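Here the protein sequences come in this chain order: A, B and C.
Quick note on my numbering: the first sequence kicks off at 1 and runs consecutively.
Quick note on my numbering: the second sequence kicks off at 1 and runs consecutively.
Quick note on my numbering: the third sequence kicks off at 1 and runs consecutively.
Derived from the structure by calculation, the hints contain no laboratory data.
Do not rely on the hints blindly, as some may be mistaken.
As the list claims (entries may be wrong) - SDA-like, lysine to any residue: derived pairs with alpha carbons at most 25 Å apart:
| id | chain 1 | residue 1 | chain 2 | residue 2 |
| --- | --- | --- | --- | --- |
| 1 | C | Lys130 | A | Arg189 |
| 2 | C | Lys130 | C | Ala118 |
| 3 | C | Lys130 | A | Pro197 |
Just so we're clear, the structure is a prediction, and the values are computed from it rather than from any experiment.
One letter stands for each residue in the lines below.
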Amino acid sequence: MSTATALGKGGAPRAGRREVRLWTCACVLAVVLAAVLLVPLLHPLDEQAVDMANKLHAPSAAHPFGTDDVGRDVLLRCVYGLRVSLLVGVVAALTATVIGTAVGAAAGAAGGRTDRMVMRVVDVFSSVPHLLLGIFIVAMFRPGVWPVVVSVGLTHWLSTARIVRAEVLSLRSRDFVDAAVSGGASRLRVAVRHLLPGVLPQAGLAAVLMVPHAIWHESALSFLGLGLPTHRASLGNMIQDARGTLLAGDWWPTLFPGLFLIVPTLAIAGLAGVWRERINPRRRSELML
Amino acid sequence: MSADTLTPETVAGPPAAAHPLLSVRELTVRFRMRGGREVAAVTDVGLDLAPGECLALVGESGCGKSVLASALLGLLPGNAHVSGSAVLRGPGEADGLDLLTADEATLARTVRGRRVGLVPQSPAAHLTPVRTVRSQLAETVRELTGARGEELRAATLTAAGRAAFPADHLDRYPHQLSGGLAQRAATALALVGDAPLLLADEPTTGLDRDLVDRTVDELRAHTDEGRGLLIITHDLAAAERVADRVAVMYAGRIVELAPAPDFFGTPGPRHPYARGLLEALPERSFTPIPGMPPELGDLPAGCAFAPRCDRAADVCATVPQLTGGVACHRPLTAAAGEGPAARREGSRV
Amino acid sequence: MTPPRTRHTGPAGGAGPHALELRDITAGYDRRAPVLRGVSLSLREGEAVGLLGPSGCGKSTLAKVAALLHRPDAGTVHLGGEPARGFRHRAPRAQRTAVGVVFQSPRLAADPRLTLSALIAEPLLATGRKAGAADRTRELARAVGLGPDLLGRRPHEVSDGQLQRACVARALALRPRVLVCDEMTAMLDASTTAALVAVVEDYRARSGAALLAVGHDRTLLERWCDRTVELHGGGTDSALRSAPRAAAGTSAG
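So that you can see chain A by itself, here it is in the shape it has in the complex (with noise of 0.2 Å):
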């Protein structure tokens, strides 16, 4: 084997440093989680309801992030909006997944005129910023949860299925490929038991890493006014609604939605880093022989 591994000699502490940022990432999302399933449980939100009496309260032992301009509870908001922008990221995700796979793999697998044109559509879709395609679908639609969900799924598997495709295609041009084809395996068998599982991993990384990149959207779309409905606690919205009061110096509106955004989606990316390399390992490295 090659003696050029690119491994220096700081493995150890690369290591190390890596299980720091898999357990804070970890637990970081295991609050998250816990916050957004159990608090409507135990503190369920009128959303349409309004305190005009308590409006932009700074954030106090009653209200720790304040309240907003018409008097609601920016935590209780702010947990009920991440539950919502969770949901539609990991929907969507799964779904721009699954539509991902299975166009790469099947346009990996077929080869050919099909893998051809099957790519060019990719690259059509692609050459559009799939904002303004999101855009596009969720104006089709009553304003709602699902009409987001639909149109992040539909604009972000193209990317998932390039990767797919590049990993078929990788696959099948290995010899084990040729010896289970020898061996008697069937189409569908190389396609379930050799192919698929060296696919998932990537797959599965990319469904991860795209669960962050959702929140953003549902959220840059209701901040445009195109996703939830207003009423509805979602982290767009309520950056959206806080615009006028951050201008009259009333900061925690806007603050405390944005760090609800910002800490749990870099959580995600931590975490979705360490499994990036964990399944593209150096690993060989750990003894070699």
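Got chain A; can you put chains B and C on it based on the hints?
Below, chains B and C alone, put in the same frame as chain A:
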């Protein structure tokens, strides 16, 4: 183990061995694995390499020979623990540099490419696929010599010429090269820094016989210019063609260290493993050594070869030291062997 | 030293049916520039033929055609007298599995996710021979010299030699009538090479299977095979030159 018993020149020193270019002493590499398991990849290796000399390190895949090369280049992963010394000495240099204790910055800036040139196992993978041979070679030349402009152009051509890489192929990309030319391109890169020590890790894997011969002949020519060449290979025919001395590695230890003519001719290998390996060649008796090499993470006590050895006796329960060029309690003698040289000459009759 | 070579015309002498017959094969990866042009080669039942040639002459392509893994642009393949009815998945399973293949690099030829025992059992499971697969796997593993402790490991936990042993076991799992070994030993040391050749020869002695051994090591193939065939330059003048096995008594023992 004392360094004396390890010193190869007591056995088979070439004339220049008094001033070795590289002396390795008691080199040991251990990998700590998950679950506290320890893998003894290299154990107690000692060897010397003189300028103008070629030493072939042969052994089965997984015997630790690539780990040894990686250790010399400081390219081991973080879970490797290295002890011993590997001193690289320039001409007239008294102390030299211990490759095992040198820090990464020193290795990167002054050793790799400049004092040790690496001829890689798979040249196609060693070259950057998206850049032409000329641009890669020029970059290395600029990096190592600081040449610029017209001077750089000329130096690049010279560097290509030194490895017999044809100038009209310089503007090709690696995938447009045949295996032989890719190997020469990689060798050209290794030679740019005019390193006195060349380290070739399985440089002939996947090449056909003619190319193997040409590649090792070219490496031999660079050796004859006064460089030291450590070639790591499982190809005994290539080793015979190029080497002055042969070191046979088994289960992380050097079990035999002998001049190539003695090893491949008369009296032949003295360690039963080395003998078995040579006898397994299709031009000899073509019979395999029974069994498989032991796990480096689970070595038997005593001589690691004893479980496969038909000469094993009670004494083999202790680890034999490398004395007189062989690490065996019951080495073969020329008389005990069946005249391998005669057999080799007559193998096609 | 080297016996004189004669121009190879048609099947080598002998009456029996051909285990494998390649007729006028033109093949490659680009129709305009095939690596093989009009190559014919036949193996009698039980015959071992060594196919020699420099890198890039198309000998691996020919091996893939013989194993029904690559569709030639022109020419026909006959297995046991029957014309091949397709290539890759288009070939009937019985024809595909009648040829066992071993590749050069065990690392590429082994699915990295399967343990060695799953790797060896894969052809048995793929062809619905689940019953008795475990026993057959152990038997195959023993034949190639793999102990039970190695069978539970994955490819990255074993050496090249051990992995290639598993790949040979896999190729023998369905008791093929023809074995195609494409540079099987190019990455292996002398002892493992001799051991794997012995495994293949042992199987052939028991089963009467034919062998197409592709490689560039003339000494090895002349020692191993009944005759060697040399493939020249592919391209426009792919030509085969045949030589009988070097005189008996090459064995030094």
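Hints and how they fare:
Of the supplied pair hints, the one linking lysine 130 of chain C and arginine 189 of chain A holds, its CA atoms being roughly 15 Å apart against a limit of 25 Å. Of the supplied pair hints, the one linking lysine 130 of chain C and alanine 118 of chain C holds, its CA atoms being roughly 12 Å apart against a limit of 25 Å. The suggested pairing of lysine 130 of chain C with proline 197 of chain A holds, with an alpha-carbon distance near 21 Å, which does not exceed 25 Å.
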